[in-house]
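*Asks:* Residue numbers (the numbering used here), protein chains in the order written: chain A, 2 to 237; chain B, 55 to 321; chain C, 42 to 272.
One or more of the hints may lead you astray.
[Claimed, not checked] Calculated pairs, DMTMM-like style, for lysine to aspartate or glutamate (alpha carbon to alpha carbon, straight line, at most 25 angstroms):
#1 K98/A x D220/C
#2 K284/B x E170/C
#3 K284/B x E299/B
#4 K77/B x D220/C
#5 K264/C x D177/A
#6 K216/A x D177/A
If you are wondering where the hints come from, they were derived from the structure by calculation, not from laboratory data.
What follows is the residue order along each chain.
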Amino acid sequence: MNGILPLHLENLSFAAGGRTIIERTNLTLEAGTSTIILGANGAGKSVLMRLMHGLLAPSAGRVVWSGERVRRRQAMVFQRPVMLRRTALANVVYVLKVAGVDAADRSRLAREALAEVGLTQLAERPARVLSGGEQQRLALARAWALHPEVLFLDEPTANLDPGATREIEAVIRAFDASGTKIVMSTHSLGQARRLGDEVIYLHQGRVAERAPIEKFFPVPSTTEAGAFVKGELPWT
Amino acid sequence: MDLRKILFIALLSVAPVLSAQEKHIVVSSTTSTENSGLFRHVLPMFQTTTGVAVRVVAQGTGQALDMGRRGDCDVVFVHNRYAELRMVREGWFVNRHDVMYNDFVIVGPTSDPAGVAGMRDVVAALKKIRAARSPFASRGDKSGTHAAELRLWTAGGIDPKGTWYRDTGSGMGATLNAASGMNAYALTDRGTWLSFKNRGELTIVVEGDPRLFNQYGIMLVNPARHLHVKMAMGQAFIDWLVSPEGQAAIAGYKIGGQQLFFPNAKR
Amino acid sequence: MIDAFASGLLQVVTLDLRLWEIVGLSLAVSLSAVVLATLLGLPLGAAIAVGRFRGRQGVIVLLNALMGLPPVVVGLFIYLLLSRAGPLGELGLLFTPQAMVFAQTVLVLPIIAALARQAVEDAWREYEEQLRSLGVDGLRGALTILWDIRFSLLTAVLAGLGRASAEVGAVMIVGGNIDGVTRVMTTAIALETSKGDLPLALGLGFVLIAVVIALNAAAHLVKQAAERRYG
């Protein structure tokens, strides 16, 4: 079975409410590199990720994957995770059920996923009473259970404290190590440097700069990116 | 609480409603007869003898006869001889038998504004009520009682209209409630009156006129018109009611020592 | 009125088996109707909530309006259906408890469906992205949400139960208020009122209210216990 990468965005545009949010973007995302998407608020990071993941339909242009049955082979973690009103374990089992996994295997695979993110102790807890960090780890466990080829993350640690953030980053590294391509948006430059191989800088709906991590930091090539980097708190 | 348990409880709650039905006939009768309590006294005897349950749907006479015409019951037992005979002639019912009679009375406030208390001539009493424009509560609902009332007004040459004449468009009990509340006169059958508990200041003011005689008749719905009618069981009920046993049961029904209905089936 | 209340309650409490037969039948009919209406109404409401089709707004308006169906009109309509002279006459269902369940189901179904539709639509906004990301769409998503918001839906079900146990128009017409067969609390109250026995009618009324309160209290306790377990 072929991988679904590379992903090609061809002349991709998205407009809503009379505003153009993503402007005629051409982009190719390859396997093997962790891609960090940076940009100011309103630059279009969230919209771009949702277009790639298929949650939004483009106004113009195409999102072209290289394989078939793409939905199951990618996953997304949102800034605020949405948990079903059941136990942590049941949340992961649900995802496996939807994916068509045999009933006999679901429990076992779910527990493996929980173990991967360090939630084994909390398996029988109602998911909704978990802390923010635990819920985000549970969201990652749900994604892990699917063994996706691409994992999109939309500012996953924006609402978490440093301790929880470290835990999440550890899981993301585990995904990376297991071969999943990471596509993540973040406000934290430190996080970008810790987790990313390349940076895509979005400015007002266009890709203003794209470079490997070591070229982008500490000083990017374009002025827009430069202004952005200066304005952000560097070491969070 | 998983889904299976919920479904099981759901089925349990529905089960009693779905249980099999016993051997029965449906008899359409009037609210006045039902309210008198006669059926509760008499029907269990029939069921003990024959094993057939009798289910009575009580409405006004007009609606009861309509139900027979539609075929929604097996037997009709009402008190409007003219209408009953007409419908037998029209082929809706197979036969008609006299069963029993009771009488109507006029009730009114003890203050008796029209001055009719103790009179025997009901038509004369109605004329006095009309002259005094005293409030009178009428059923106005196509019932046997209403028909009887209208015949009496007609006998007195009166077309009852005006604010004193209150048409309630409802059953005997509701009309008596209204009369009690308004301190009005009303025509009622004795049976309903004897078991009516909300009398207020009302009392019987006129009784005993032969024109207040109220004949009950029973009829079998014509199976030729409605094939599903339970002919055998329905006829068995009619036969029982006019038999010495049934007639004795009717005579035996009393409220406060007073007999309500007087059996008069012809042999 | 206190006198009437007291004397009525006394009669009721010392009353025989008949009263408990009547209470039992009331519960059986109304609960059956609510169960049926829930099984049909929840998926219906959920489907309308997540569905996208022409005339959807019109359907929603109609569904909401049907919550106010007059019971006596429903009773009349179903009577005409079940009457021997009517299309379903062959079934011989008129003047049976089954006919009463049928009528009350028709009354309660729009209430449960309309309230479920609103609740699912509100929840869909919260769940939509996550569910679609997981590949859950359409009806499956609606059913997942139905289960997730089950505690809020309980209120809709209780509203339906309230409507069913309180109404008299429909069950009177299709049931015929037959002694021992189709007499329920509300029709018994109507009967005793028409016989002028107001204290007894009042007493029965309080029994009816007490039963409904007890059902609601039970539902509330179940909900609290379950919420503690599932969060």
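*Asks:* Now tell me, hint by hint, if it's right for this structure.
*Replies:* Do the hints match the structure? See the list:
1. K98/A x D220/C: violated, 53 angstroms
2. K284/B x E170/C: Roughly 63 angstroms separates the two Cα atoms, so the pair is violated.
3. K284/B x E299/B: holds, 22 angstroms
4. K77/B x D220/C: Judged against 25 angstroms, a Cα distance of about 16 angstroms means the pair holds.
5. K264/C x D177/A: violated, 43 angstroms
6. K216/A x D177/A: Satisfied, since the Cα-Cα distance of roughly 21 angstroms is no more than 25 angstroms.
The earlier numbered hints that this structure contradicts are 1, 2, 5.
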